[in-house]
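**Student:** Sequence:
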Amino acid sequence: MINSNRTLPRILTYQGIPVWRHAQILQWAAQLASAILVVALVMWFFGNMAFAIEDRGIPFGFSFLEREYQTPIGEHVLPYESSNSFLYALIVAATNTLVVAVAGVILATLLGIFVGVCRLSPNWIVSKLATAYIEFFRNVPLLVQLFFWFYIILALPTVREGYVIADLLYVNNAGISFPGPVAGGITPAVVWLALAVVAALVGALAHRRLVRREEETGRASYPLVIGCATAVGIAAIAWLVLSGIFGDAPFSISTPAPQGRFGRIDGGVTIRAGMLVLLIGLVMYTASFIAEIVRAGIQSVGRGQTEAARALGLSPVNTLRQVTFPQALRVIIPPWISQCLNLTKNSSLGGVVGYTDLTNVAITMTQTAPAINIFLMLMATYLAMSLTWSLIGNLYNRHIRFTG
Numbered sequence: 016m017i018n019s020n021r022t023l024p025r026i027l028t029y030q031g032i033p034v035w036r037h038a039q040i041l042q043w044a045a046q047l048a049s050a051i052l053v054v055a056l057v058m059w060f061f062g063n064m065a066f067a068i069e070d071r072g073i074p075f076g077f078s079f080l081e082r083e084y085q086t087p088i089g090e091h092v093l094p095y096e097s098s099n100s101f102l103y104a105l106i107v108a109a110t111n112t113l114v115v116a117v118a119g120v121i122l123a124t125l126l127g128i129f130v131g132v133c134r135l136s137p138n139w140i141v142s143k144l145a146t147a148y149i150e151f152f153r154n155v156p157l158l159v160q161l162f163f164w165f166y167i168i169l170a171l172p173t174v175r176e177g178y179v180i181a182d183l184l185y186v187n188n189a190g191i192s193f194p195g196p197v198a199g200g201i202t203p204a205v206v207w208l209a210l211a212v213v214a215a216l217v218g219a220l221a222h223r224r225l226v227r228r229e230e231e232t233g234r235a236s237y238p239l240v241i242g243c244a245t246a247v248g249i250a251a252i253a254w255l256v257l258s259g260i261f262g263d264a265p266f267s268i269s270t271p272a273p274q275g276r277f278g279r280i281d282g283g284v285t286i287r288a289g290m291l292v293l294l295i296g297l298v299m300y301t302a303s304f305i306a307e308i309v310r311a312g313i314q315s316v317g318r319g320q321t322e323a324a325r326a327l328g329l330s331p332v333n334t335l336r337q338v339t340f341p342q343a344l345r346v347i348i349p350p351w352i353s354q355c356l357n358l359t360k361n362s363s364l365g366g367v368v369g370y371t372d373l374t375n376v377a378i379t380m381t382q383t384a385p386a387i388n389i390f391l392m393l394m395a396t397y398l399a400m401s402l403t404w405s406l407i408g409n410l411y412n413r414h415i416r417f418t419g
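Note that the sequence shown covers residues 16 to 419 in the numbering used here.
Keep in mind that the hints were calculated from the coordinates and are not lab data.
Some hints here could point you the wrong way.
When the alpha-carbon atoms are kept at most 25 Å apart in a straight line, the in silico SDA-like pairs for lysine to any residue are as follows [to be verified]: (1) LYS360 x PHE165; (2) LYS360 x ALA209; (3) LYS360 x MET392.
Pair ranges (Cβ atoms, derived) [said to hold, decoys possible]: (4) TYR411 x ILE201: 46 to 52 Å; (5) VAL284 x TRP43: 55 to 61 Å; (6) ILE286 x ASN333: 45 to 51 Å; (7) ASN154 x PHE66: 27 to 33 Å; (8) GLY369 x PHE66: 38 to 44 Å; (9) TRP139 x GLY319: 35 to 41 Å; (10) PHE129 x VAL92: 24 to 30 Å; (11) THR381 x PRO94: 38 to 44 Å; (12) VAL217 x LEU402: 53 to 59 Å; (13) ASN333 x ASN154: 18 to 24 Å; (14) VAL226 x PHE61: 51 to 57 Å.
This one's a predicted model, so the numbers in the text were calculated from it and none came from an experiment.
Yeah, the Cβ is synthetic: ideal placement off N, Cα and C, and Gly gets one too.
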């Protein structure tokens, strides 16, 4: 057989093996063929879509983005007026979705970790309560849960008869209002936020360097205290300098208070009912899945690791924090990324509870603008958000894999 292979032309062999029998060559050929097939199918799909659009006279193009939207957006983080363009309205709606997605991921992760750890608690009551939470919220459809929380919020008293706590917290069926920061000006606020991020990075670098020095020398360097003090000090100096330059502090605290005959709450920070319902529903639902991920990750760590830590005198909490959980992260992070993606995509249900998210605004736009173009932009926006979560999670996963 070897002699017969040597008689073949060199172009028909690879590493002395005929190309039609070489496993690597066959894999390359299969991947190339599948890629050509996928590209052909995509081109065929969009070609047919373009032909149908032209044949039926369906409006197509993106010139509508420069027109005035002329439709109010009830809840918006960015400043918005009806005279703004379609493009800016989409940016405002995307910001609303992004705020819910980021806040939801953070809160769901914290709640999921807590419930997942409680699921493994030796206390029978705590463990069973965590199990009941997981099984209930994981198996009830999200849409049903959103309607449940919607009617709970709707059952609260009206604005004039709502609950007031210490004249600082107002709870009613319109939302929750509490004291919060208000920018003294766009420029000083943005500059200080940028400097605060730099201060946090400098503090993190100082903490890391002091930890390394403490490990090398064995002398206490207090890395956490010094790192935090460095970050706070830089941010405080920047605050004082900007206040002197602009004549006003970058931020001030605004307190909510009822105004007018209807008792409308002005000032402070208000989380309106739609956003509150959507956030509660997403957090409670997604946390039940994250809790199971955390439980499986912790149980994947060998029992000997826990026993060794306890033999060294570590408490159960320190064993979990310093030994078990860091090793479990390698198992937890990949499925956690999937839950971040699911939460971001599930936020598109905000319209059913009155929250003006990206999908809700896009559907409203289809009444006066080409629907195909709007939904192409909608899909591209959600794809960008999902890829961003994947990038962040994969970078962190790679970091703990090589440094853990």
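**Student:** Compare the structure with each hint and give your call.
**Tutor:** Outcome of the hint check:
Between LYS360 and PHE165, the direct Cα distance comes to roughly 19 Å. Compliance with the 25 Å bound is thereby established for this hinted pair. Distance check on the hinted pair: LYS360 and ALA209 sit about 29 Å apart at the alpha-carbon level, beyond 25 Å; violated. A C-alpha spacing of about 15 Å is found between LYS360 and MET392, which places the hinted pair at or below 25 Å, so the restraint holds. In this structure, TYR411 and ILE201 break the distance hint of 46 to 52 Å, their C-beta atoms being roughly 32 Å apart.
Under the hint 55 to 61 Å, the C-beta atoms of VAL284 and TRP43, about 57 Å apart, fit the expected range. Range check, ILE286 to ASN333: Cβ separation about 36 Å, and the 45 to 51 Å hint is violated. At roughly 45 Å, the beta-carbon separation of ASN154 and PHE66 lies outside the given 27 to 33 Å, and the hint is violated. Checked against the hint of 38 to 44 Å, the pair GLY369 and PHE66 passes, with Cβ atoms roughly 39 Å apart.
Here the CB-CB span from TRP139 to GLY319 is close to 26 Å, at odds with the stated 35 to 41 Å. The hint said 24 to 30 Å for the Cβ distance between PHE129 and VAL92, and at roughly 28 Å that hint holds. The hinted range of 38 to 44 Å is not satisfied by THR381 and PRO94, whose Cβ atoms lie roughly 25 Å apart. Checked against the hint of 53 to 59 Å, the pair VAL217 and LEU402 fails, with Cβ atoms roughly 30 Å apart.
The supplied range of 18 to 24 Å is broken by ASN333 and ASN154, whose beta-carbon atoms lie about 35 Å from each other. Remark: the range hint 51 to 57 Å for VAL226 to PHE61 is upheld by a beta-carbon distance near 53 Å.
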